[in-house]
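Residue-level listing of the chains:
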Amino acid sequence: MTQRRVAVTGAGVISPLGCTLEDFHRALCDARPGIRRLGPEIVQGSGVQVGALTDWKPAALLAEGEAANLDRATQFALGAAAQAVAASGLDIARAPERVGVYWGTGLGGAHTLETAYKQIYAAGQWRTRPLTVVMAMNNAAGSNVAVRHGLRGPFANYATACSSSAMALGEAMRTIQAGRADAIVAGGSEALLTPATLAAWQALRTLAPADAGNAAASCKPFDRRRNGLVLGEGAAAFVLEDYSRAAARGAPILAVLTGYGNSCDAVHISRPDRDGQVRAMREALAESTLAPHAIGYINAHGTATAVGDVVEAEAINAVFGEAAAQVPVSSTKSLHGHLLGSAGALEFAAALLPLLRGWLPPTGFLEDPDPACKLRHVPLRAERVDPPSAVMSNSFAFGGSNVVLIAQRA
Amino acid sequence: MDTLARIKDLASKEFSLDAQALDPGAPLDKLGIDSLSFIEFMFKVEEEFGVSVSDEDLKGIRTLGDLERHIAAALTAAGKA
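If you read the sequences in order, they're chains A and B. In terms of the numbering used here, the numbers along the first sequence are unbroken and rise by one, the last being 410. In terms of the numbering used here, the numbers along the second sequence are unbroken and rise by one, the last being 1081.
Just so you know, the hints here were simulated from the structure itself, not pulled from any lab data. Treat the hints with care, as some may be off.
[To be verified] Just some of the chain B residues that point at chain A, by a computed CB distance under 7 Å:
| no. | residue |
| --- | --- |
| 1 | Ser1016 |
| 2 | Asp1018 |
| 3 | Ile1039 |
| 4 | Phe1043 |
[As the list claims (entries may be wrong)] For lysine-lysine, the following DSS-like pairs were computed, each having C-alpha atoms within a straight-line distance of at most 30 Å:
| no. | chain 1 | residue 1 | chain 2 | residue 2 |
| --- | --- | --- | --- | --- |
| 5 | B | Lys1080 | A | Lys57 |
| 6 | B | Lys1013 | A | Lys118 |
| 7 | B | Lys1080 | B | Lys1013 |
Computed from a predicted model, the values in this text were never measured in an experiment. Each residue gets a CB set at the ideal place from its N, CA and C atoms; glycine is no exception.
Generate the whole structure from the sequences, applying the supplied hints.
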């Protein structure tokens, strides 16, 4: 029996570049940045200057009392998942035990925890909200997606920092391939732009300061002037579905998820490792039975740190060899910031742009490419191309977790 | 506003229910209020009235009417009624 193929039949996005897949793709085509100077109420004493906030209006989806009982990361998750489910037209009620949720998030309910700690330590009020635990727990976002849509199939929640949601997609693919679910709502969400979380990140010395001339241009992956990442918030969700069932019900098939590479560097807790990244990319290519030159676009992890971008460029060159000169690569983090646990899912949505519409999303503000990052860049502006047959999305995390996804045209 | 009206007002906001239609004699689960939601609601009720309801007393509260009686008794005991 041949392995089941996995179709992407719905997508939803809540991001600093817009709160639908269409708006997100339009912003990428226009190279419209979502990064801006953060207000004093968020920055407080952290010293962080810029971030990528999402213009989220919960009232469209949640009653007032309901929103107050859900962490911001969960609200994003519900928003993205509702879009994905609606777009897929999936009839969940037919067999809810055959539809699962695989989710990814880095910190979980950061806003909830910070509110509770602030009350306790800053105000000396030890009486905390009874919902604090169930709002803050790492699986709250995914579990609420399951509750809202009545998804009773397999459930998993991944917390592998910046590869969390890419891993959720990859493992969801495996679960469908293995016949353990017919469809899975897979994605990730993150909402951690809180003063204390920002202070912790600032202490790591990896965050970019505001660009002196233009705060929106503070994140410059692969550029000689790059000086760090910019944190963002949001969510992305997909309905992944057994291809034959999706085709039989006439579902809109956006793409086919054909490759998933997963490796661990196992050398350092934060420093990226070329060989680990190489292994993940090769595994995803091998599973897709694709030669490197068949990849028509790579959405790089590209965080704009001094070391990270060089290591990833070296890894891509090691895997792609001569084809590296032709394969377009961009880091859309330049525009939407680094969404950490939801980055992999959001960037998978970015990687669908060339497949669906024939536009290569750009690396914003890439004016002076670093010779140490020798790649075929898509600098500054989106490029019109014939839709490629396959795209790759890289997610490389603190902890050494590397996840690579490959999607192909339906 | 009397105690019951204030409780109904809080409940209508917390659970997105119509305050006028809230039956103080109806079991909480019939109003769609589960035990976790009720604990969170009690947190807000205690804040509103500045009293606390013991875990033991909490177990006996099955309706908004029961809640009103406990709050009224707590207010009297605290000299706030």
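Answer holds if the nearest beta-carbon of chain A is closer than 7 Å to that of aspartate 1018 of chain B; otherwise answer violated.
13 Å, violated
At a threshold of 7 Å, is the proposed contact between isoleucine 1039 of chain B and chain A supported by beta-carbon distances?
With a minimum Cβ separation of about 4 Å from chain A (threshold 7 Å), the hint on isoleucine 1039 of chain B holds.
Closest C-beta approach of phenylalanine 1043 of chain B to chain A relative to 7 Å, hint status:
5 Å, holds
Take a quick look at whether lysine 1080 of chain B and lysine 1013 of chain B sit within 30 Å of each other, Cα to Cα.
The hint holds at about 24 Å.
Please verify that hint: serine 1016 of chain B, Cβ, nearest Cβ of chain A, below 7 Å or not.
4 Å, holds
Run the distance test for lysine 1013 of chain B versus lysine 118 of chain A: straight-line Cα separation, threshold 30 Å.
25 Å, holds
Please work out if lysine 1080 of chain B and lysine 57 of chain A have their alpha carbons no farther apart than 30 Å.
40 Å, violated
Checked against the numbered hints given earlier, this structure breaks hints 2, 5; the rest are met.
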